[in-house]
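Enquirer: So the chains spell out like this:
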Amino acid sequence: MQDALFYIFAALTLLCGFLVIANPFSRNPVTSAMFLVLTIASLAGLFVLLHAFFLAAVQVLVYAGAVMVLFLFVIMLLDLRIEERRKIKAFGLGAGLVSVGAILAVFLSSLASSRLTSEESPTLEGATIPLGKLLFKQYVLPFEIVSVLLLVAMVGVVLLSKKELK
Amino acid sequence: MTVGLEHYLIVSVLLFGLGLLGVIVRRNLLVIYMSLELMLNAANLALVAFSRFTNNLDGQVFVFFIITVAAAEVSVGLALIVALYRKRRTAHVEDLTTMKL
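Top line first, the protein sequences correspond to chains A and B. Mapping to this note's numbering: the first sequence position 15 is 15, numbers consecutive. Mapping to this note's numbering: the second sequence position 50 is 50, numbers consecutive.
Source of the hints: derived by calculation from the structure; they are not laboratory data. Incorrect hints may appear among the rest.
[As the list claims (entries may be wrong)] Calculated pairs, SDA-like style, for lysine to any residue (alpha carbon to alpha carbon, straight line, at most 25 Å): (1) B:Lys100 / A:Ala95; (2) B:Lys87 / B:Thr68; (3) B:Lys100 / B:Arg88; (4) A:Lys137 / A:Phe54; (5) B:Lys87 / A:Met76; (6) A:Lys163 / B:Gly77.
[To be verified] Which bits of chain B does chain A cover? Going by a derived footprint, with three or more residues having C-beta under 8 Å, they are: (7) 20-26; (8) 56-70.
[Unchecked claim] Examples of chain A residues toward chain B, derived with CB under 10 Å: (9) Gly17; (10) Ser32; (11) Leu43; (12) Leu49; (13) Tyr63; (14) Phe73; (15) Ile75; (16) Leu93; (17) Phe107; (18) Leu111; (19) Pro142; (20) Leu149; (21) Met154; (22) Leu159; (23) Lys162.
All C-beta atoms in this analysis are idealised placements derived from N, C-alpha and C, irrespective of residue type, glycine included.
Take these sequences, add in the hints, and give me the full structure.
Expert: What follows is the structure, encoded as structure tokens:
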């Protein structure tokens, strides 16, 4: 049952990820954003299969909720209708395929040469309580630094979106 | 054959490749940003899979931080794109040739 669910979610993730970057029916950024939402939702399904329940919830709330709403907001704001018709250049496509193929070859060959010990059944439970304890005991300094980072990002966004950029 | 760590890593690698292909091939700044998000999510999947199969919760804390930093990065990047669009009326990388000699 779990294996079947893994294959379903993995196929859905890769299919929707492909449709984000190259949709044969529409070059509209809005459809890309919608398929990115689907990709993120199926990744949350994979997180649930990995027993990372808190991260699955955060993934849906933060990514599919907040980040994608921001994306859609900006897409609607920019009104990019004229730019849909541009062609993808053959040179760019070739260079992209070559570089992606090289990186995939490196990854897959290192994966094949490493002996991963996944015979024993995994026991880790990504429940919220141990994650929260770890976050607020061992990782409390990075947590505070991230809060400062969010504040800096907020100030930067407010400054960037002023009418008069100096 | 039961699903193990390798399966999750292969999905993660393929998703990363898709994101990289999108960054290189597409010419729209917003779609390039979405492809970047795909690559970040591929790394997240690999981290969660490692954390599950090596019985160590640290990977999930890293994913938590990555999601937070990605949210900050997206907000700043989209603000930059909007500021650029205000000045140049384009969100297309081939029209941004100010630094070209």
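Enquirer: Close enough to count: is the Cβ of Leu43 (chain A) nearer than 10 Å to one in chain B?
Expert: 6 Å, holds
Enquirer: Quick one, are Lys87 (chain B) and Met76 (chain A) close enough, alpha carbons at most 25 Å?
Expert: With a Cα-Cα distance of about 18 Å, the restraint between Lys87 (chain B) and Met76 (chain A) holds, given a limit of 25 Å.
Enquirer: Less than 10 Å between beta-carbons is the criterion; does Leu93 (chain A) satisfy it with respect to chain B?
Expert: Holds. Min distance 6 Å.
Enquirer: May I ask you to test the interface hint for Ser32 (chain A) with respect to chain B, counting a Cβ-Cβ separation under 10 Å as satisfied?
Expert: Where the cut-off is 10 Å and the nearest Cβ of chain B is about 5 Å from Ser32 (chain A), the hint holds.
Enquirer: Can we keep the Lys162 (chain A) interface hint, with Cβ of chain B closer than 10 Å?
Expert: Status holds, d = 9 Å.
Enquirer: Is the interface hint for Ile75 (chain A) satisfied, with its Cβ closer than 10 Å to some Cβ of chain B?
Expert: For Ile75 (chain A), the interface hint holds, since the closest Cβ of chain B sits about 6 Å away, which is under 10 Å.
Enquirer: Using Cβ atoms only, decide whether Gly17 (chain A) comes closer than 10 Å to chain B, and label the hint accordingly.
Expert: Nearest chain B Cβ about 5 Å off; hint holds.
Enquirer: Given Tyr63 (chain A) as an interface hint, is the shortest Cβ-Cβ distance to chain B below 10 Å?
Expert: 7 Å, holds
Enquirer: Verify the proposed pairing of Lys87 (chain B) with Thr68 (chain B), using a straight-line Cα cut of 25 Å.
Expert: 29 Å, violated
Enquirer: Count residues of the segment 20-26 of chain B with a Cβ under 8 Å from any Cβ of chain A, then say if the count reaches three.
Expert: holds (count 6)
Enquirer: Against the 25 Å threshold, does the CA-CA distance of Lys163 (chain A) and Gly77 (chain B) hold or violate the hint?
Expert: 17 Å, holds
Enquirer: Can we keep the Pro142 (chain A) interface hint, with Cβ of chain B closer than 10 Å?
Expert: Status holds, d = 6 Å.
Violated hints amount to a single one, hint 2; each of the other numbered hints is respected by the structure.
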